[in-house]
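Position chain D relative to chain Z; hints supplied.
Protein chains: 2
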Amino acid sequence: MFEAAEVGRKITKEAFKKQVPKLREQLLQAQFALSKTNTPVIIIISGVDAAGRGEVVNALNEWMDPRGLETIAIDTPTDEEQARPYFWRYWRQLPARGRIGIFFGGWYVDPIQDMAYGQLEPAQMDEALIQIRRFESLLVEDGALILKYWLHLSKDEQCKRLHKLSEDPHTRRSVSDRDWQHAELYDAFTHAAERAIRHTDSGDSPWHIIESTNTRYRDLTVAQSVLENLNHVIAKYEAREQLRQQGEILATAATPSVPSDFNLGNQTRTVLDTVDLTQTVSAKDYRKALTTYQGKLHRLAWEASRQKRSTLIVFEGWDAAGKGGSIRRMTQAMDARLYRVISTAAPTDEERAHHYLWRFWRHIPRAGMVTVYDRTWYGRVLVERVEGFANESEWKRAYLEINNFEENLAKHGIIVLKFWLHLDQEEQLRRFKEREQIPYKRHKITEEDWRNREKWDEYVTAIDDMVARTSTEFAPWTLIAGNDKRFARLQVLETVCQRLEAELGVTEEELPKAEKAKDKKKKG
Amino acid sequence: MFEAAEVGRKITKEAFKKQVPKLREQLLQAQFALSKTNTPVIIIISGVDAAGRGEVVNALNEWMDPRGLETIAIDTPTDEEQARPYFWRYWRQLPARGRIGIFFGGWYVDPIQDMAYGQLEPAQMDEALIQIRRFESLLVEDGALILKYWLHLSKDEQCKRLHKLSEDPHTRRSVSDRDWQHAELYDAFTHAAERAIRHTDSGDSPWHIIESTNTRYRDLTVAQSVLENLNHVIAKYEAREQLRQQGEILATAATPSVPSDFNLGNQTRTVLDTVDLTQTVSAKDYRKALTTYQGKLHRLAWEASRQKRSTLIVFEGWDAAGKGGSIRRMTQAMDARLYRVISTAAPTDEERAHHYLWRFWRHIPRAGMVTVYDRTWYGRVLVERVEGFANESEWKRAYLEINNFEENLAKHGIIVLKFWLHLDQEEQLRRFKEREQIPYKRHKITEEDWRNREKWDEYVTAIDDMVARTSTEFAPWTLIAGNDKRFARLQVLETVCQRLEAELGVTEEELPKAEKAKDKKKKG
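Residue numbers (this note's numbering), protein chains in the order written: chain Z, 20 to 543; chain D, 20 to 543.
Same shape as in the complex, but just chain Z:
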């Protein structure tokens, strides 16, 4: 693979001096035009040690406007990063739309290095590369431009370069023992890099291998390539804008997304029909069971904290289905230091300038916490789908993106639970009317709730799809029978307790008995 980058490509000093001013002008113009588009640009500068990654990054910084540019050098993970899934530290550094993020090696550093050091088996390496492919696809599908450069040097050339760098007082501090160690592993590194490039050299985020012996050739080639790709993005954007201004409807534009196979009514059963809404529980049984489950949950939350296992609990459901009440019955039971409730509101403008999952990655809990989400990323395939805020291709690919996201969480050891709180239309109506009567509940009923209600059937289809496509082994949906609020609350608590017991590997017997406990304080 790398032979093609050992052919002696060169640019003379004169040619370089002549080309740079023009290139800079074009780069600045492109960058300015880029800022008007909705494309975030991710540039990965990777390569052999001493090939001059730092110099290339410096050249790009110098030739472009630093105001639209960010350089991201990722070091050893901090403890905040270690307490979260692997990709968190990349998510938090992603550039916003219209901006450029230059990553030193980016997400390729660890897999290549670990494999070169023999700490990663080929199968694990391939698994890591699949994760990377998914991550990049998700970004590209969201409109990102990803440019990946591998700066190559032959073994001899690398050795020469390292000696030269370490003799020069200007640069010798940038050569560490680690660099020499890496140099000895040149073949292992090249081998690992080739594997990484091979597996991730996709059409939508291709690699560019840059011969780096001649530094002028190297810098100019990378910058030229960046320029061409920016211009391509800009041209596409402008063409689309022009069409839009001409009033033409674009295939990719947001159109109300009534699914073509929408044909419900009494004919088609959905997964919601499997929920037995007649189930109830008496007030007396409820109180008794509530005490038992809350006691159990209290102890399980401490045990999870001790084991440093995070839990993430998703609440979705019909308006007035009782999400808030169910959440409160859980949080009452736990020590306030151990949980956090995140209510998903409209995204801020910063959040809007990123992939829709960005704002959820931002808030991923650190180890040992229980995080309860009141509405979540599922908005994408529910309200955004039904209201047409997301276009068809956006919400359709969201299932895969969400599954990957949750898989990432689960693989990191986070326990993921998801609840859909179901009720029927009559019960919802009754509650809406009731809410309008109670002063401190009145603000909970808005015009929007009534509008959503009119779209009941469309939501049913969306929910059915959602459960079908995203109820996975590692993050299953539980549908809760919500016509009886008390029954629903117990069902939630029971499910959470069972799952935690199973995941934490503790049995009822191992936990201190709840029966012995005298409730210090009655709550609720």
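One or more of the hints may lead you astray.
If chains are identical, the list can't say which one is meant, so a pair holds when it fits in one copy or spans any two.
Stated by the list, open to error - Distance condition first, Cα-Cα at most 20 angstroms in a straight line; then the derived PhoX-like pairs of lysine-lysine:
(1) 55 with 255
(2) 504 with 174
(3) 36 with 303
(4) 504 with 303
(5) 463 with 41
(6) 179 with 29
Derived by calculation from the structure, the hints in this document are not laboratory data.
Just chain D, lined up with the frame of chain Z:
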């Protein structure tokens, strides 16, 4: 101080049951009204161990709407937090306007604990408390409501409570060895707490000492107090809104802020008149000196990184004074992993929902980095003052806030440099016109630049004030003579190098000689 909280206050079960529903309704209403105001609410729940801080937080969570509420339990600082000034971890957790943040102990945990353990001398304790006072004042002046509760138990009662908690299987995990250790230090803790409360019990963010023997009294009293304070804020906000709607001009409202003592012209000399704008340097001398300083800066940046010292360099200046060019001459010299350029653009809506310094706290560099700011927090006392975006009381108190901010940075060991790039009106005009001729510079000249130019004299006053009030020992301003760009760049580089040498304690001789170095690559 605490005797007043050992008098046996109680609420009966019946009274409690009767009062809670009404209280909840009022709390929810108040919270809803609060969300329309621009007040962030900070509630600190502090107190003796086992007094039930967690239970109070739980009660508030249960009685209020979790969607407008966040609970912040701050643990041992993470390494990301340790790499930044002490208050960073509190800044990053502050609630946005209209929202409530409940802090477990908040910024009082460390000083009280450290003093109780004898790790903090009284003088150091007082110094820490002064920092806290300043931090709270800054938030209050920005409109925040700060409510501080100290939950008190007598020594006997604490001991009883701990025994009870550790016998109850529901709660015994929440009692740690550390709690017993603290209990033995009851007197030391109480002593430290009293000192903390005494020094920070200001009119604008008072402490409330809550007798906590009776849990019902405790929870109800805290919640009542929260309610009263919320209602007070809301009433004030509504009164103000009403006045505003009636078209009355309020003393505190944003008014164009032409300072009353504005009387410049040829009569009054300002600090800018001390800058000798006739200074120049020849092209040949420039090139030679540039190479020397850049070489030196390169090595100093590595040395700073080795010493884990951060550097923060502020660039402010007239439009077209050459900020970008000066910044580039610096960044060229450094390894791209060691620096970051932050260009201050308009705040995002998330940023607008906090104190104006919040967005700068957000981006504080981690240890060992050089961070260059292209425009900064000084916008508050420059453009925001001149354009009236900040009202007079806002920009007037900004000097103190900024000085405190920079003192925080400096005390954490961050090297702070500030440059004002000066030029005269003729030179600015020449550059504006020149820019309009150069294609890739044309976008840099906007209507706004011309408008700013018209307000030259007002800016001169603002700059003079700024330098007078914020040029401190730990963060001095350097005024740069910018009529000759080359001279300006060298002056910046020289200042940075000198300061770094002094701060890092290295002399020219200790650094490898630049003369020996053969430049690998000519840049620029």
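These are the hints, each one checked on the structure:
no.	hint	verdict
1	55 with 255	within (13 angstroms within a copy, 42 angstroms between copies)
2	504 with 174	neither (70 angstroms within a copy, 43 angstroms between copies)
3	36 with 303	between (86 angstroms within a copy, 19 angstroms between copies)
4	504 with 303	within (14 angstroms within a copy, 83 angstroms between copies)
5	463 with 41	between (60 angstroms within a copy, 18 angstroms between copies)
6	179 with 29	within (18 angstroms within a copy, 82 angstroms between copies)
When the structure is compared with the earlier hints, a violation turns up for hint 2 alone.
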